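Protein sequences appear in the order of chains A and B. With the first letter of the first sequence counted as 1, position 3 gets the number 3 in this note's numbering; the numbers rise by one all the way through. With the first letter of the second sequence counted as 1, position 97 gets the number 97 in this note's numbering; the numbers rise by one all the way through.
It is worth saying that the hints were derived from the structure and are not from the lab. Do not take every clue at face value.
Unchecked claim - Straight-line distance between alpha carbons at most 27 angstroms, and here's what the computed DSS-like set of lysine-lysine pairs gives:
1) B/29 to A/51
2) B/10 to B/64
3) A/29 to B/64
4) A/186 to B/98
5) B/29 to B/51
6) B/186 to A/29
Being a predicted model, the structure only gives us computed values, none of them experimental.
Protein chains: 2
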Amino acid sequence: MRRKSGDKEKRIADAAIRVFGRDGYHGAKITRIAEEAGVATGSVYLYFRNKQSILQYLFAKLWKELHVGFAYVAQQADLDPRTKVELIIDGILDQFEKNPSLALLFVNEQTQLLRDGTGEFMQYYVDFLQLGERVVRDGIRKGVFRPDVDPRIFTNLVFGATRQLLHQWARAPRQFPLDTVRREIKAVFFGGLLIPLSSTAPRA
Amino acid sequence: MRRKSGDKEKRIADAAIRVFGRDGYHGAKITRIAEEAGVATGSVYLYFRNKQSILQYLFAKLWKELHVGFAYVAQQADLDPRTKVELIIDGILDQFEKNPSLALLFVNEQTQLLRDGTGEFMQYYVDFLQLGERVVRDGIRKGVFRPDVDPRIFTNLVFGATRQLLHQWARAPRQFPLDTVRREIKAVFFGGLLIPLSSTAPRA
DNA sequence: GTTAAAAATGAATCGCGGTTCAAATGTACT
DNA sequence: AGTACATTTGAACCGCGATTCATTTTTAAC
């Protein structure tokens, strides 16, 4: 007999992140992924059913990790809503901080999977959005957030804004330091753009 | 001799918007576009060099129109910065209000063109972002906007958030009425999520 | 009514790349 | 030091769909 070398699956997955991220799902060639993984073309099919399933696997893994973090934050009863929102934003950014390719994949190829609405990751994705809604709704109930904000729309606003900046950052990390991005997202979403009319200056 | 029937180019372009929007750039088949345009397959190539150039044409047209509106708004000396930002947001939403397919195209396939960084639309795109920055910077100088907001990041935040909601709206117009979206975007970006600590309740 | 040239057609072509599979290779056990 | 069987290989296969082009249709000029 003979045992699978063990790290091949991971090597293929990592290479796929880079190639999908660089060339896009359709531009990515299986042969290239195999090459970057240091593996024969056919070997890819020992670990994944087909091209599509590689992408599905990567997204399922990614969203599962994000989801775990969110669920943990959301259920903490002693955290105030504002901190929860901050931690969720941090959670997303932390996930990509060390891996620009993953960020590009995340931002660019999600539609690829969203289109047919299938796949394991879908469940985590909708769950995440609902979780965000609940946190906002909770904040409103506790009188910390504005009552005229629509929780579902707000969640999408934050998510969309974060995606866009993640994209810019991944394309040119120098021009968009993640720490600045992090700070600005929070500042804007919490405090808004306008200087309040009648109050002492609030902090960012 | 014989003259081109004249409306074929437009019929093809319109069909392309629908098919690209529905099936995505790579899922879209030329034969299908021709069919929906009521034209033979080969005719598509009388009006466009190839598939890619159809997408380029559509984006160039779209961004040109957006850009014209923005440039007009931005140069108005008598408008206050806040109104300018509002008008820019309105400009984007107006463009898609009557055409969900165009919105899907806009949101999903931009990366397709961004990837090789070429194409006529690129020029209008970067110009638009710079224009947004200038408006924000102007607002800060006039003391209307918070000075600690980074204009470039803010522009991307608004743009990303708008894209995401446009996407949700186009997928399910019922669940996300554009008027609500419009109002919420402005409310959040101007006023933020938090209830100000020491002030009379500000308006949305 | 005839002609000439452009416009339109759509079946055939052709290359690309995802997928397969017969052959080669490595490993454990005897 | 050989056998059995799982893993690995990569060249060949095959379908799909963008693009082409020989043929047909339309129109304008005479």
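Unmet hints by their number, sorted upward, for this structure:
Violated hints: 3, 4, 6; rest satisfied.
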